[in-house]
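Sequence order for the protein chains is A and B. Letter by letter, the first sequence follows residues 513 to 859 in the working numbering. Letter by letter, the second sequence follows residues 18 to 676 in the working numbering.
No lab work stands behind these hints: they were computed from the structure. It is possible that part of the hints are untrue.
Facing chain B, a subset of chain A residues (Cβ under 7 Å, in silico) [claimed, not checked]:
#1 P599
#2 P691
#3 A693
#4 T695
#5 N697
#6 L698
#7 R701
#8 G703
#9 S721
#10 G722
#11 P794
#12 N796
Simulated pairs of lysine-lysine, DSS-like, Cα-Cα distance not exceeding 30 Å [stated by the list, open to error]:
#13 A:K663 / B:K174
#14 B:K174 / A:K650
#15 A:K786 / B:K223
#16 B:K276 / A:K663
#17 B:K251 / A:K801
#18 B:K273 / A:K650
#19 B:K201 / A:K686
Reference excerpt, derived from the structure (chain B facing chain A, CB under 7 Å, subset only) [to be verified]:
#20 Y157
#21 Q167
#22 I168
#23 N242
#24 G243
#25 T258
#26 F260
#27 S261
#28 E264
#29 A265
#30 L274
#31 G275
#32 K276
Only a predicted model underlies this, so the values are computations on that prediction, with no experimental measurement involved. Think of the CB as a built atom: it goes at the ideal place given N, C-alpha and C, for glycine as much as any other residue.
As a plain string of letters, each chain reads:
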Amino acid sequence: MHEMTMINTTQRNHKIWRELKWISALFSLLLFCAVASSASAAEAVLKKASLMPLWSPQSQFAGYYVALDKGIFARHGIDLKIIKAGPGHSPVQALKDGTADFAVIWLTTALQHRSAGTKLVNVAQIIQRSSMMLISRKSSGIQTIADMNGKKVGMWGGDLSIPPRALFNKHGIKVLEVPLAHTVNLFLRGGIDVTSAMWYNEYHTIINSGVDPEELNVFSLNEPGMNFPEDGIYALETTIHNDPALAKAFVAASLEGWRYAFAHPEEALDIVIKYMREAQLPANRIHQKWMLDRMRDLIMPGTRQEMPGILKEKDYEAVGLSMRKGGLIRNYPDYTVFSGRSDAVGK
Amino acid sequence: MRWENSIAIKLVLVISLCSTLIFAVTLGYNYYHSRVILEKELENNARNLAMSLVYRVETELAAVAKVTEGVASSLETGRFSEQELLSLIRTTVEKNPGIYGSTVAFEPYAFNAASRLYAPYFYREKGKIAFSRLENSYQYVPYLYWDWYQIPRELGKLEWSEPYFDEGAGNILMSTCSVPFYGKSGTTKKLKGIVTADISLDSLTKLVSSVKVLKTGYAALLSRNGMLLAHPLKDAVMNETFFSIAEARNDPSLRKLGKKMVRGESGFIHYKSLVGFSSWMYYAPIRSTGWTLAIVFPETELLENVRRLSMTMAAMGFAGILLLIAAVVYIASTITKPLRSLAAATDEIASGNFNAELPTVRSKDEVGVLAHDFHVMMESLKEYIKNLTETTAAKERIQSELKMATDIQASLLPRLFPAFPDRSEFDIYASMDPAKEVGGDFYDFFFIDDTHLCFLIADVSGKGVPAALYMMVAKTLLKSEGQRLGEPDQILNCVNKILAVDNDSCMFATVFCAILNTETGDVRFANAGHNPPLIVDSQGTRYLALKPGFVLGPMPDTVYEAERIILQPGDTLFLYTDGVTEAQNREEELYGEPRLRDALQRAPKDDVAEMIHCIRAEVTRHANGAPQSDDVTMVAIKYRGVDAQYRIPTRRHMNKAVS
Numbered sequence: 513m514h515e516m517t518m519i520n521t522t523q524r525n526h527k528i529w530r531e532l533k534w535i536s537a538l539f540s541l542l543l544f545c546a547v548a549s550s551a552s553a554a555e556a557v558l559k560k561a562s563l564m565p566l567w568s569p570q571s572q573f574a575g576y577y578v579a580l581d582k583g584i585f586a587r588h589g590i591d592l593k594i595i596k597a598g599p600g601h602s603p604v605q606a607l608k609d610g611t612a613d614f615a616v617i618w619l620t621t622a623l624q625h626r627s628a629g630t631k632l633v634n635v636a637q638i639i640q641r642s643s644m645m646l647i648s649r650k651s652s653g654i655q656t657i658a659d660m661n662g663k664k665v666g667m668w669g670g671d672l673s674i675p676p677r678a679l680f681n682k683h684g685i686k687v688l689e690v691p692l693a694h695t696v697n698l699f700l701r702g703g704i705d706v707t708s709a710m711w712y713n714e715y716h717t718i719i720n721s722g723v724d725p726e727e728l729n730v731f732s733l734n735e736p737g738m739n740f741p742e743d744g745i746y747a748l749e750t751t752i753h754n755d756p757a758l759a760k761a762f763v764a765a766s767l768e769g770w771r772y773a774f775a776h777p778e779e780a781l782d783i784v785i786k787y788m789r790e791a792q793l794p795a796n797r798i799h800q801k802w803m804l805d806r807m808r809d810l811i812m813p814g815t816r817q818e819m820p821g822i823l824k825e826k827d828y829e830a831v832g833l834s835m836r837k838g839g840l841i842r843n844y845p846d847y848t849v850f851s852g853r854s855d856a857v858g859k
Numbered sequence: 018m019r020w021e022n023s024i025a026i027k028l029v030l031v032i033s034l035c036s037t038l039i040f041a042v043t044l045g046y047n048y049y050h051s052r053v054i055l056e057k058e059l060e061n062n063a064r065n066l067a068m069s070l071v072y073r074v075e076t077e078l079a080a081v082a083k084v085t086e087g088v089a090s091s092l093e094t095g096r097f098s099e100q101e102l103l104s105l106i107r108t109t110v111e112k113n114p115g116i117y118g119s120t121v122a123f124e125p126y127a128f129n130a131a132s133r134l135y136a137p138y139f140y141r142e143k144g145k146i147a148f149s150r151l152e153n154s155y156q157y158v159p160y161l162y163w164d165w166y167q168i169p170r171e172l173g174k175l176e177w178s179e180p181y182f183d184e185g186a187g188n189i190l191m192s193t194c195s196v197p198f199y200g201k202s203g204t205t206k207k208l209k210g211i212v213t214a215d216i217s218l219d220s221l222t223k224l225v226s227s228v229k230v231l232k233t234g235y236a237a238l239l240s241r242n243g244m245l246l247a248h249p250l251k252d253a254v255m256n257e258t259f260f261s262i263a264e265a266r267n268d269p270s271l272r273k274l275g276k277k278m279v280r281g282e283s284g285f286i287h288y289k290s291l292v293g294f295s296s297w298m299y300y301a302p303i304r305s306t307g308w309t310l311a312i313v314f315p316e317t318e319l320l321e322n323v324r325r326l327s328m329t330m331a332a333m334g335f336a337g338i339l340l341l342i343a344a345v346v347y348i349a350s351t352i353t354k355p356l357r358s359l360a361a362a363t364d365e366i367a368s369g370n371f372n373a374e375l376p377t378v379r380s381k382d383e384v385g386v387l388a389h390d391f392h393v394m395m396e397s398l399k400e401y402i403k404n405l406t407e408t409t410a411a412k413e414r415i416q417s418e419l420k421m422a423t424d425i426q427a428s429l430l431p432r433l434f435p436a437f438p439d440r441s442e443f444d445i446y447a448s449m450d451p452a453k454e455v456g457g458d459f460y461d462f463f464f465i466d467d468t469h470l471c472f473l474i475a476d477v478s479g480k481g482v483p484a485a486l487y488m489m490v491a492k493t494l495l496k497s498e499g500q501r502l503g504e505p506d507q508i509l510n511c512v513n514k515i516l517a518v519d520n521d522s523c524m525f526a527t528v529f530c531a532i533l534n535t536e537t538g539d540v541r542f543a544n545a546g547h548n549p550p551l552i553v554d555s556q557g558t559r560y561l562a563l564k565p566g567f568v569l570g571p572m573p574d575t576v577y578e579a580e581r582i583i584l585q586p587g588d589t590l591f592l593y594t595d596g597v598t599e600a601q602n603r604e605e606e607l608y609g610e611p612r613l614r615d616a617l618q619r620a621p622k623d624d625v626a627e628m629i630h631c632i633r634a635e636v637t638r639h640a641n642g643a644p645q646s647d648d649v650t651m652v653a654i655k656y657r658g659v660d661a662q663y664r665i666p667t668r669r670h671m672n673k674a675v676s
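Could you build all of it, start to finish, from the sequences and the hints given here?
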């Protein structure tokens, strides 16, 4: 019985082997055709483009990484490369240098550079409102913005100081600004009374350093007239002139990437964490999950009917006006010019 | 047999259940108590282990802090040239193997007015002391904004930094001890800079990780923010905080525990470790850095010995209970086996077989006693039944004899009516109902000669067989003497004399004896203590007034006198015994003489048979179901005379005396 099986097996193996030879031959032929055709298709269809996010890989940019990883950019005809970002990398500089075709930049930053002469165009407004907040410990006795007068407030440098400064101006108070780097430890150890924080990032870091939300007073910089929409996708005017279709495809792919990320959060987190590990960054999944969840709140605010990705004229005007008042910019262009709509109309 | 009816099964069930329960409780308590003892001991062990480890870490940290403070204070007191400063920092690193690197970082323009930032840094690299300038090393963020600089600057005191990767300068995971130093400008103290000493986190976590806690236990180190610094979860080290893990696992209790730890508390708790085992943990703070050291003991490993002991005890207990059950089964069977055979034997006895074999029980216990008693009881029963059978047979024999006696007695009395169908001068009718099988009453009537009818009624003292026998004698004597002598007083005198001879039993009889002249209606009579008869004539019904006379039998010398009355045609003489007048109902009320007289008054007068039947019915009605206590005897004689006008032709029916 045992021997019979042995013989059968060998016979079968012989047969399979013969079949395999045929199949492999067929496959090699097919493969050759496929490679030849796809290579020609890629050459024919995919346009090379590059993106520099505002910061190193994290869920704040999940939409782009997911769109890249899931081949959404490729489907929209773009062969995208996401350029290393983070400390020491300026997205605006990258646009100017031409190392990046697109960049994720804050609206305030873009307006400052536009005012300074760099012709940046907002092709999509991703984050619709300010996610920045000021945080104090309840035990410090700071209950209102006015209580911050004369207190040590941790502030990030550059454009990130614009919203809080505008807020302090509005409330007519003066604070002792202490420069912040990348950790929340200065606040946690009591070196400052108030700290700046992003809702999707530092706030959660503070909570997960053992401070309960109930122990904190949180001032969201999101009140009427103070709303500074943050991450948007920008390109140089020339880039859009040269290939307006590319910008459109890029925005469409990015938004699709975001939608996919929100529909499949765990997969999106896997992708983000993969890119974080590639960049040799510590990846705390629960923190990235928090960030992705907040991104959903920030990108898709309010009703479902609102199309994400559009810079609202009302918000734009409010930010421009506020910045001009604060002396941060001399002037700001028309909404249509800044949002690249004039081009679309012109063409 | 159903189980609840079997003693053996009941015993086995109850005893095995009880002993299992007792054993389980004992075992449970033993396990629990061992656990408590172990826990107590464990807490001490854990505390000692944790404290010794904390002490070792603290000693290293304290040494580093002391050196740093020393440098800071010497910078505050003395004036150093750049060369002297560099050599001071270099020596500090060289002389202290615990220090990885050290710098003196100055506030802007505090070192000299020419350069804004100045921070010379000596550190170990590949076993040598390397040098760099931090104002150049940090590519993106100036040293002024690093935690190790900013926090002590703002707080104005020694601070250990949260562990960090010192990218650009030390390029390792480290924690930095920073001490601010000040210079005097006039009266105010002015911050000049920060002195630091770095420790390699690697050597510290190695020390913690090297601690062996049983086989799978471990020691862990947490930062002030709850960051895992040393932990078996390698991926979580320097990436997850206790709180982010709590959030990921959605476990608020873990967060609470983490808060206790970062607050600098110490404690001993039972929890589910981050690795996933049910464990005990002792945690204690490392005061100088605000970190937490935890020693984790996996519960399963700790309780292994207790568990093994408990399992052995359980196995032993189980075997013991099995043995106990076997013993119970044996004892129960020794008790129930004789009981069962006893029960089978008694079943047989109960069904009537008194010769059933009783089992022999040799034991002297309760069962033995019971078996013996059974044996005795069976013997007694056998004896009793035997006696009963004999008695019953005797009684039956007597009964049949009595029945015969009754028949004989009845046949002795004249029972054929009309007794003298060819004599039209009178009618006579009589009846006797004995109270028992045989009675003591009797009556008789017979012709002495052609015109003289002797009739009598008697009642013998006592009842039953003696009375019947006496009655036989009396009746025979009275008839024979009556036919011989022909006078009532002489008859009684003579019979009394005969009866009185050898009358040892002192029996007697009352007798009313009369002789009717059928042609004249003349009645001569003598009474020996009998109830006076009633006469029914044209004047009504009344008791005959007569001399009472003494009873017949006891006294040989008694003399009876004769009296006489004349019956007119149509008159009736009614004789009876005390069985009539003393008939009782249930209320023990006597029928009585007045009632008898009234009844007779109402009774039909033409036919003497109907008259007697009517009285008999009245008496029975009076008794109303009460048992008859005495013989009921009645005789009625109606004189019609020789004249034909009172003669009732052949209407009379044929009656027999009631037997």
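Verification of the hints:
no. : hint            : result
1   : P599            : holds (4 Å)
2   : P691            : holds (5 Å)
3   : A693            : holds (4 Å)
4   : T695            : holds (5 Å)
5   : N697            : holds (5 Å)
6   : L698            : holds (5 Å)
7   : R701            : holds (5 Å)
8   : G703            : holds (3 Å)
9   : S721            : holds (4 Å)
10  : G722            : holds (4 Å)
11  : P794            : holds (4 Å)
12  : N796            : holds (5 Å)
13  : A:K663 / B:K174 : holds (20 Å)
14  : B:K174 / A:K650 : holds (24 Å)
15  : A:K786 / B:K223 : holds (28 Å)
16  : B:K276 / A:K663 : holds (27 Å)
17  : B:K251 / A:K801 : holds (21 Å)
18  : B:K273 / A:K650 : holds (19 Å)
19  : B:K201 / A:K686 : holds (29 Å)
20  : Y157            : holds (4 Å)
21  : Q167            : holds (5 Å)
22  : I168            : holds (5 Å)
23  : N242            : holds (4 Å)
24  : G243            : holds (5 Å)
25  : T258            : holds (5 Å)
26  : F260            : holds (4 Å)
27  : S261            : holds (4 Å)
28  : E264            : holds (5 Å)
29  : A265            : holds (4 Å)
30  : L274            : violated (11 Å)
31  : G275            : holds (6 Å)
32  : K276            : holds (5 Å)
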